[in-house]
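Using the sequences and the accompanying hints, generate a full structural model.
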Amino acid sequence: MEWKPRKSDIEWTRNHIATISEGGIWAIPIANASTFQFFHSDKTYIATIHGGDMKTQTVMMQTMKVLKILGYEARAIVNDVIGSKDRKFQEDNA
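At position 38 of the sequence shown the residue is numbered 143 (our numbering), and the sequence of numbers has no breaks.
Each hint should be verified, as a subset may be incorrect.
Think about it this way: if two alpha-carbon atoms lie no more than 30 Å apart in a straight line, the pair counts; the simulated DSS-like pairs of lysine-lysine are [as the list claims (entries may be wrong)]:
1. K170 with K112
2. K170 with K160
3. K109 with K160
4. K170 with K148
5. K173 with K112
6. K160 with K148
7. K170 with K109
8. K148 with K109
9. K148 with K112
10. K173 with K148
Derived CB-CB ranges, DEER-like [to be verified]:
11. G129 with M106: 30 to 38 Å
12. D114 with T149: 19 to 27 Å
13. K160 with R111: 17 to 25 Å
No lab work stands behind these hints, which were simulated from the structure alone.
We treat Cβ as the ideally placed atom computed from N, Cα and C, and that holds for glycine.
Have a look at this one:
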């Protein structure tokens, strides 16, 4: 069954991204600190997905679906699966 956002999901996201400045970043902890960088001037964003696990991927895809409803389009989507492993290695061995 396809996920459909609730009206409250759309409104919450609309209100939240309105607080983010041009070029600002929204990091989503539940999605392994994946990020969206916003360019309100042309209603675009760059999504960076940190991890290939199902939860991270699902949260990011659902958020992108809401952003599309709000009129935002992706400039780029970076799927940083390797980088998340490198970051953990660096933290463990620093």
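Hint check:
no., hint, in the structure
1, K170 with K112, "holds, 13 Å"
2, K170 with K160, "holds, 15 Å"
3, K109 with K160, "holds, 16 Å"
4, K170 with K148, "holds, 14 Å"
5, K173 with K112, "holds, 14 Å"
6, K160 with K148, "holds, 26 Å"
7, K170 with K109, "holds, 8 Å"
8, K148 with K109, "holds, 21 Å"
9, K148 with K112, "holds, 20 Å"
10, K173 with K148, "holds, 10 Å"
11, G129 with M106: 30 to 38 Å, "holds, 34 Å"
12, D114 with T149: 19 to 27 Å, "holds, 20 Å"
13, K160 with R111: 17 to 25 Å, "holds, 19 Å"
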